[in-house]
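Chain order of the listed sequences is H and D. Using our numbering, read the first sequence as starting at 1 and increasing by one per residue. Using our numbering, read the second sequence as starting at 1 and increasing by one per residue.
Keep in mind that the hints were calculated from the coordinates and are not lab data. A quick note: this is a predicted structure, and the numbers were derived from the prediction, not measured. Incorrect hints may appear among the rest.
[Stated by the list, open to error] Pulled from the structure, derived: some chain D residues nowhere near chain H, Cβ distances all over 10 Å:
1) TRP26
2) LEU204
3) THR220
[What the hints assert, rightly or not] Straight line, CA to CA, 20 Å or less: simulated EDC-like cross-link-like pairs of lysine to aspartate or glutamate:
4) LYS64(D) to ASP209(H)
5) LYS205(H) to ASP18(D)
6) LYS64(D) to GLU24(H)
7) LYS184(H) to ASP209(H)
8) LYS64(D) to GLU26(H)
All residues carry an ideal CB built from backbone N, CA and C; glycine is no exception.
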Amino acid sequence: MAAAQTQPVAASRAVEARKRRQREEELLVWPDLVFIEFISAVLFTVLIVALAVLVDAVLLDRANPAVTPNPSKAPWYFLNLQELLLHMHPALAGVIVPTIALIALGAIPYYDNTAEGQGEWLSTPRAWLNMYVGAGTGAIGTLLLILFDDAQHAKLWEKVTGTAWPIPALRNLRAIQNDIPWPKSWTKVPLGDKVLRIDLLGLPKMHLDINIPGLLVEQIIPVSTMIGLPIVLSIVCWKAKIAQTKRDHMILQFSGFIAVYVMLTIVGTFFRGEGLALVPYTIFAEK
Amino acid sequence: MAATESPERRSMGDRVYDAIFTNRLWRSIFRSGYPNTPRNQMLAVATNVFLHLHPTRIHRTHVKITHTFCLGGLSFFLFLGLTISGVLLMFYYVPSVDRAYEDILALETDVRFGQLMRNMHRWMAHGMVLTVLMHMMRVFYTGAYKPPREFNWVVGVVLLVLTLLLSFTGYLLPWDQLALWAITVGTNMVGSAPLLGEPNRFVLVGGFQVGQAALIRFYTLHVIGLPLMAAVFMTVHFWRIRRDGGLARPL
Ligand code: HEM
Numbered sequence: 001m002a003a004a005q006t007q008p009v010a011a012s013r014a015v016e017a018r019k020r021r022q023r024e025e026e027l028l029v030w031p032d033l034v035f036i037e038f039i040s041a042v043l044f045t046v047l048i049v050a051l052a053v054l055v056d057a058v059l060l061d062r063a064n065p066a067v068t069p070n071p072s073k074a075p076w077y078f079l080n081l082q083e084l085l086l087h088m089h090p091a092l093a094g095v096i097v098p099t100i101a102l103i104a105l106g107a108i109p110y111y112d113n114t115a116e117g118q119g120e121w122l123s124t125p126r127a128w129l130n131m132y133v134g135a136g137t138g139a140i141g142t143l144l145l146i147l148f149d150d151a152q153h154a155k156l157w158e159k160v161t162g163t164a165w166p167i168p169a170l171r172n173l174r175a176i177q178n179d180i181p182w183p184k185s186w187t188k189v190p191l192g193d194k195v196l197r198i199d200l201l202g203l204p205k206m207h208l209d210i211n212i213p214g215l216l217v218e219q220i221i222p223v224s225t226m227i228g229l230p231i232v233l234s235i236v237c238w239k240a241k242i243a244q245t246k247r248d249h250m251i252l253q254f255s256g257f258i259a260v261y262v263m264l265t266i267v268g269t270f271f272r273g274e275g276l277a278l279v280p281y282t283i284f285a286e287k
Numbered sequence: 001m002a003a004t005e006s007p008e009r010r011s012m013g014d015r016v017y018d019a020i021f022t023n024r025l026w027r028s029i030f031r032s033g034y035p036n037t038p039r040n041q042m043l044a045v046a047t048n049v050f051l052h053l054h055p056t057r058i059h060r061t062h063v064k065i066t067h068t069f070c071l072g073g074l075s076f077f078l079f080l081g082l083t084i085s086g087v088l089l090m091f092y093y094v095p096s097v098d099r100a101y102e103d104i105l106a107l108e109t110d111v112r113f114g115q116l117m118r119n120m121h122r123w124m125a126h127g128m129v130l131t132v133l134m135h136m137m138r139v140f141y142t143g144a145y146k147p148p149r150e151f152n153w154v155v156g157v158v159l160l161v162l163t164l165l166l167s168f169t170g171y172l173l174p175w176d177q178l179a180l181w182a183i184t185v186g187t188n189m190v191g192s193a194p195l196l197g198e199p200n201r202f203v204l205v206g207g208f209q210v211g212q213a214a215l216i217r218f219y220t221l222h223v224i225g226l227p228l229m230a231a232v233f234m235t236v237h238f239w240r241i242r243r244d245g246g247l248a249r250p251l
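Kindly generate the complete structure, drawing on both the sequences and the hints.
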C-alpha cells in the first residue's frame, strides 16, 4: 500500500503542480465513504422497489408490422434526434449530428486543458453566469427555431391581424424552397458521374444531380444554424466580457448543448402528436 | 495473514466482536478483524477485492454528498441491479417473434413477482440513462475532466454510448407495438446515413424490416455483447480514477 503512494506519476502539468498530500485533510474510506455508499444503495433499492410496485411498465398490443401507430416514436432519449429529423435532411439529423456531437463531447478536455476550476462546482469567477447564459440561450433559441419551423409566427400574425402572413417565403423553413420562384434549372443541376466515383469501388456509376433550393433548406441552413449560432454566442459573450477564458467558453457551450438536448427531448416527447404535429402528447394516453 | 491490532480498552462489545471476528472461520474469509481501528479499517478496504476499487483514504471534500451526488456510483449500482433483474427475466423470456410477447404477458400474469421484476428492470434502465447523463454533467461542472483525467472523460463518453445502446436494444425485446416501431424509427435513422447507412441498417436489423433476425441480434447484444463491453469500460473507468490520483480537486 505504502508503495502505491510514493510511486512516480507520469509527468503532466497537473500532476506536477499537485501539492503534497495532506493527511489531515483525508478521511478513511471505511467507514466514511463505504457507509454513504451503503446507505444510498439501500435508499435507492427502496425507491426502485416502490416505483416498481406503484407504476407498471408499459406493454401495448402485440407487435404488428402491418399497423403503423401514429405517431411512431423512438425511445425518449433519442427523441431529440427524431425532433431534429423534422427540420433537416435525415442523414444530418440521424447520423452526422450525433456523431459530431459525441466527438466534440469527447474532445472537451483536449480543448479546455487548463487547470482552471478543477475539482470544485462552478468555482471560477464567471462560471454561473456562463452557465445561465449558455443554458438560457440554448433553451430559448431551440424553442424559437422549432416555433418558427412550425409557422407559429405566421399563424399568430394571421390570428391577430386577420390577414394572410405577408412573406410566404418566411412561413417556415420549407417555404424557402417552395415559395421562392427559384429558376427551374436550379432544382436539378447535373454534376455528372465524375464527382462521386463509386464506380471505382465496383458499384454502378452514379449520376449526381443537385437541387440547390432543397440543399439549402435541408442541409446548408441547418448546418449553418447549428455551427453558426454557437460561434456567434461565443463571440458575443467574449466581446461582452462574459466569457473570457477557455473554461468560460466551455461552460457556455456545454450548458448550451445540454439545454438544446433537453429542450429537443421535451418537445419530441411531450409535444409531438399525430403526424408529429406540434401538439401536447403523452404516451400514457396510448393504452 | 495480515497483522491486525486490537483497541486498547476492551469493553464487553469488543469481547463479543472478538468472539465473532477473530475465530478461524472469519479470518479465513476476511484476513483482518472487524474494522474497528484505523489500521483494520484500511486493511478491510485494501484486502477486499471489491472494496479495493477504493483507495484507503479519501479527501474530505469528496465525501460530501453534494460533490458527486453519488451519481457515478448510482450508475454502477443500477448497472448491477439491471444485471441481476435481467438474469431473472432471462429465465422466462425466449427471443422469438412467436413467443416473446406472450412470454412478457405470462411474466406479468403467471410468474410470481414477474411483473415486479419487469418493472424494476424497466425503471432501473430509464434511471441509468438519467444518472449517467447527470453524472456527466456533474463531472463537467466540477471541472473534473481536466488533465490528467482527459482520457477517463473519453472512456465516460464511450460508457454513455454503451448505456444508450443497452437501453435501445432492450427496448425491442417485449415485442409490442411500442417496441417494434420505436426500433423501426431508430434503425431507419441509421439507414439514412450517406453511403454506408443502408448497409449498416441491414446488418443491425438483419433484413429489410425489423423481424426475427433483428430480435435475436438485439437480444444477443442486450444480454451479453453490450454488458460485457460496458463491464470492460467500467473496469478501465474505475482503474483510471485511482491511477489519476482519485477524484479531482483544486490544485
Ligand atoms: C455507465 C456509466 C458510468 C459509470 C458507472 C461511471 C462511474 C463513475 C464513478 C463511480 C466515478 C467516481 C465519482 C463519482 O461517483 O462521481 C466516476 C468518475 C468519473 N467519471 Fe464516470 N461513470 C460513467 C459514465 C461517465 C461519463 C458519461 C463520463 C463523461 C463523459 C464520465 C466521466 C468521469 C470522470 C472524468 C470521472 C472522474 C471524476 C473526478 O475526478 O471527480 N463517466 N465515474
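Each hint, compared with the structure:
1. Every C-beta of chain H lies more than 10 Å from that of TRP26(D), the closest at about 16 Å, which supports listing it as non-interface.
2. Residue placement check: LEU204(D) keeps its beta carbon more than 10 Å from all beta carbons of chain H (closest about 13 Å).
3. Every C-beta of chain H lies more than 10 Å from that of THR220(D), the closest at about 19 Å, which supports listing it as non-interface.
4. The hinted pair formed by LYS64(D) and ASP209(H) fails the criterion: a straight-line CA distance of about 61 Å is larger than 20 Å.
5. Proposed proximity of LYS205(H) and ASP18(D) is contradicted: the alpha carbons are some 83 Å apart, above 20 Å.
6. Of the supplied pair hints, the one linking LYS64(D) and GLU24(H) holds, its CA atoms being roughly 16 Å apart against a limit of 20 Å.
7. Distance check on the hinted pair: LYS184(H) and ASP209(H) sit about 13 Å apart at the alpha-carbon level, within 20 Å; holds.
8. With a C-alpha separation of about 12 Å, the suggested pairing of LYS64(D) with GLU26(H) holds against the 20 Å cut-off.
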